[in-house]
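Chemist: Going down the list, the protein sequences come from chains V and E. Residue 1 is where the first sequence starts when you use the UniProt record's numbering, and the numbers rise one by one after that. Residue 1 is where the second sequence starts when you use the UniProt record's numbering, and the numbers rise one by one after that.
What the hints contain is simulated information worked out from the structure, not anything from laboratory work. Don't take every hint at face value.
[What the hints assert, rightly or not] Simulated restraints on C-beta separations:
no.	chain 1	residue 1	chain 2	residue 2	range
1	E	89	V	294	39 to 49 Å
2	V	335	E	5	52 to 62 Å
3	E	22	V	221	22 to 32 Å
4	E	89	V	303	44 to 54 Å
5	V	242	E	68	32 to 42 Å
6	E	20	V	294	20 to 30 Å
7	V	99	E	9	20 to 30 Å
[Claimed, not checked] So, partial list: chain E residues that the calculated Cβ filter (under 7 Å) puts toward chain V:
no.	residue
8	12
9	28
10	31
11	33
12	84
13	85
Note that CB positions come from ideal geometry on N, CA and C, so glycine has one too.
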Amino acid sequence: MTAQTPPPPMSLLAELTHRCPLQCPYCSNPVALDPRAGELTADIWKRVFDEAAALGVLQVHFSGGEPMARPDLPELVAHASSLGLYTNLITSGVLMDKAALDALVAAGLDHVQLSFQDIDPESAEHIGGMKGAQSRKLRAADLMMADGIPLTLNFVIHRANAGRVPAMLAYAERLGVARVEIAHTQYYGWGLRNRAALLPTRVQLETVTREVEAARARLGHRLAIDYVTPDYYADQPKPCMGGWGRRFVNISPVGRVLPCHAAETIPNVAFPDIRDASLADIWNYAPLFTMFRGTAWMPEPCAGCALKEVDWGGCRCQALALAGDASATDPICARSPRHRDIGLILDDLPAEVPPFVYRRYGSAR
Amino acid sequence: MSAEGDILRFARGYRLQHDCVRTQWVIQAPEKAFVADPIAGEVLQLVDGQRSVGTIIDLLAEKFTAPRGVIAGDVLALVSDLTDRRVLVP
Numbered sequence: 001m002t003a004q005t006p007p008p009p010m011s012l013l014a015e016l017t018h019r020c021p022l023q024c025p026y027c028s029n030p031v032a033l034d035p036r037a038g039e040l041t042a043d044i045w046k047r048v049f050d051e052a053a054a055l056g057v058l059q060v061h062f063s064g065g066e067p068m069a070r071p072d073l074p075e076l077v078a079h080a081s082s083l084g085l086y087t088n089l090i091t092s093g094v095l096m097d098k099a100a101l102d103a104l105v106a107a108g109l110d111h112v113q114l115s116f117q118d119i120d121p122e123s124a125e126h127i128g129g130m131k132g133a134q135s136r137k138l139r140a141a142d143l144m145m146a147d148g149i150p151l152t153l154n155f156v157i158h159r160a161n162a163g164r165v166p167a168m169l170a171y172a173e174r175l176g177v178a179r180v181e182i183a184h185t186q187y188y189g190w191g192l193r194n195r196a197a198l199l200p201t202r203v204q205l206e207t208v209t210r211e212v213e214a215a216r217a218r219l220g221h222r223l224a225i226d227y228v229t230p231d232y233y234a235d236q237p238k239p240c241m242g243g244w245g246r247r248f249v250n251i252s253p254v255g256r257v258l259p260c261h262a263a264e265t266i267p268n269v270a271f272p273d274i275r276d277a278s279l280a281d282i283w284n285y286a287p288l289f290t291m292f293r294g295t296a297w298m299p300e301p302c303a304g305c306a307l308k309e310v311d312w313g314g315c316r317c318q319a320l321a322l323a324g325d326a327s328a329t330d331p332i333c334a335r336s337p338r339h340r341d342i343g344l345i346l347d348d349l350p351a352e353v354p355p356f357v358y359r360r361y362g363s364a365r
Numbered sequence: 001m002s003a004e005g006d007i008l009r010f011a012r013g014y015r016l017q018h019d020c021v022r023t024q025w026v027i028q029a030p031e032k033a034f035v036a037d038p039i040a041g042e043v044l045q046l047v048d049g050q051r052s053v054g055t056i057i058d059l060l061a062e063k064f065t066a067p068r069g070v071i072a073g074d075v076l077a078l079v080s081d082l083t084d085r086r087v088l089v090p
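Same shape as in the complex, but just chain E (with noise of 0.2 Å):
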């Protein structure tokens, strides 16, 4: 489970790419690439290696004036599964 500390970037061989024919949000992987859902694209975009979870959820909260502990839980959630599988890294 990550946590608002953690630091995370794209692992080597992953990377959020704008597919702008189909004006989507992907994520490059090996060998696939799997959509990334408009909330998702939003996080992602933010994941640079030197925000900490914290600071995004912080961004976030305050781009689309919701309640923090709402997006917190939505960050968290997805960064957790993506550092399950390796798509990111501390």
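Only chain V is shown next, with the shape it has when bound in the complex (with noise of 0.2 Å):
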């Protein structure tokens, strides 16, 4: 039996809420978010916690929804840190204060990514929903490069601001960060939903690609820039989460267990509940993990591609998404029966952008 479980995850994204005071267009959450009530207590998320070390995580994501909004965050924080798990926090900062960052700092927290919407305050607030929201996240990195916590911040990049890419990394050069994301949205869930008015357009993405490797040569290890690109504009698919169930697990609000944070979109399949079963009995035997798990469940033309372990069918949501079938070739793939489908929706990217669905819990149908 030990022989035929796979490797660890390396990684668990912890997802405590999905409450958030922002309201982001492109929001990573399903369309359909988990409800307050429903919630994993933080009993139950510590003994994730042990479960998950002595399966072979490394790193906890603490995120959201706004993890910040959760009273016993540090408390978490704490729990994870005492089992030698590094701690991250993946924050908007709009609830960040003196007094919440010694806490987490106490805590043991090793790092946090916050995120921008922009660097315009009035288009970062429009993009988020938030009036206010550009101040207090600057006040908070101030906060934390005053601390020395290690920060990344990042930007999320769209048609609304790709033509600010420049403006952005100078932010973070003059703040005095070590690493900086520039990461376009993925079409997923809310970004799908707004895929017409998010989608760059192929002169913005090129521009954009520019300035980073500009940027990247003239700052070289003084700012590292993680680069996402739209796959949309790819001819070869990413190798999404790193292969299905190969490196991370991420456990939702309500303690759904998914090999990704939009798998939940997945049909045909029970979703494990972490107070149901074991992580470890999740991760290696649920059929939700096994079921695109390596190549086995490869269709022609990915079971005989040579990349077939580079890109492991690259992602199947957004197979799901785009040709109706989560098992179906990436339609990213230029090998891939669908692939023309993706010219026809850069070609009708509307002149006209189209105004954002914000994500709010009442915006989901």
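Using the supplied hints, reconstruct the complex from the two chains, each of which is provided in its own coordinate frame.
Modeler: Take a look at the structure:
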């Protein structure tokens, strides 16, 4: 039995809550948001971290929603930290103040990823749907720099802000952070719903890519720039999550254990619940994890492709969203019979940008 | 390039950790973990913000009864690379 179990996960994405003061139209949460009433208790999360560390997880990413909306966050960080897990907070920063930061640092928090919607305040607050958010984020960044906790800035890029990447990089450089992510929106859930408003033009994408390359050449190790492109303009699929059920495990606010944060779209399979089984049993044996793990599930042309252990078949949620079948070849791949659909989507980008559908509990339908 | 007189430590946000499940050394870093090969693991266990690089070389040459010059080359190459990448700091 042991010989057949897969390698253990490296990272756990702990989505503590779907509640968030922001309403970003590309939110990575599912369109059907988990209600507060069903959220896992601190005791269950602690048990999850115990099991994760024993299984081989090295890093826990505290995410949401806005994880700082949970008052027990420092307690959870302290528990994870005591197990030797590397603790990372993924936050919008709008709930951060000195007392909250001090409590997290005292709990052993290792790193913070702070998200920005834009560098221009008016645009940022329009995208995030929250007045006053930008000044709170800038203050949060200053607090963290004063503390010295390692900080990565995360700018989410799309059609409405792609022109300001140089200003975003200049802010990161001025602030003195070691890392910045320039991450194009990915088109699942809310992002897929808002794709016509968010997908950049080819010229925008090429311009951003050039700007990032120039900044990398100039800055070297002084500022590491993680660059994520939208794969709609690619001919090769991305190795989504490093392969299904290979490196990452995601737990939703109500305890569903998932191979990625979009996996709740996969039809005809049970979503394992961490309250009913151990993390190891779910990771090793739950049908949701085994169904697309490795290469045995692959159809042609994937099964005979030399790159099948490079991209692991791309993204299952994207195959479902674009081809209507989660086990189809990812249509991003030029070898997919559906690849031409992507070209049609890009050709049909509206000249007039439609308004955002904001991520709210009520706007799911 | 690091020198034997340098005293280095892990920057905040980085640490060496033994991964008991995979029985290997890893460098925990912001949002990723790197595998440290067994030699790097031996070197980095001695990086504590107090010992000089030269002292670390002495200790390893003694432990592995190896020519000091060979050990020095390996250690300086490793710590120089990690200092460039800001994993180790003075």
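Chemist: Each hint needs a verdict: does it hold in this structure or not?
Modeler: Evaluated hints:
1. The hinted window of 39 to 49 Å between residue 89/E and residue 294/V holds, with their beta carbons roughly 41 Å apart.
2. With their beta carbons about 57 Å apart, residue 335/V and residue 5/E fall inside the hinted range of 52 to 62 Å.
3. The given range of 22 to 32 Å is respected by residue 22/E and residue 221/V, whose C-beta atoms sit roughly 28 Å from each other.
4. At about 48 Å, the CB distance of residue 89/E to residue 303/V agrees with the hint of 44 to 54 Å.
5. For residue 242/V and residue 68/E, the hinted distance range of 32 to 42 Å is satisfied, since their beta carbons lie about 41 Å from each other.
6. The given range of 20 to 30 Å is respected by residue 20/E and residue 294/V, whose C-beta atoms sit roughly 25 Å from each other.
7. A hinted range of 20 to 30 Å holds for the C-beta pair residue 99/V and residue 9/E, which are about 29 Å apart.
8. For residue 12/E, the interface hint holds, the least distance from its beta-carbon to any beta-carbon of chain V being 6 Å, beneath 7 Å.
9. Annotation: residue 28/E was flagged as interfacial toward chain V, and the flag holds, the nearest CB pair being 4 Å apart, inside 7 Å.
10. Taken as an interface hint, residue 31/E checks out: its beta carbon lies about 6 Å from the nearest beta carbon of chain V, inside 7 Å.
11. Satisfaction of the interface hint for residue 33/E is found here, the shortest Cβ-Cβ separation to chain V being roughly 5 Å, below the 7 Å cut-off.
12. Because the beta carbon of residue 84/E sits about 6 Å from the nearest beta carbon in chain V, less than 7 Å, this interface hint is met.
13. Interface restraint check: residue 85/E against chain V, minimum CB-CB distance 6 Å, threshold 7 Å, status holds.
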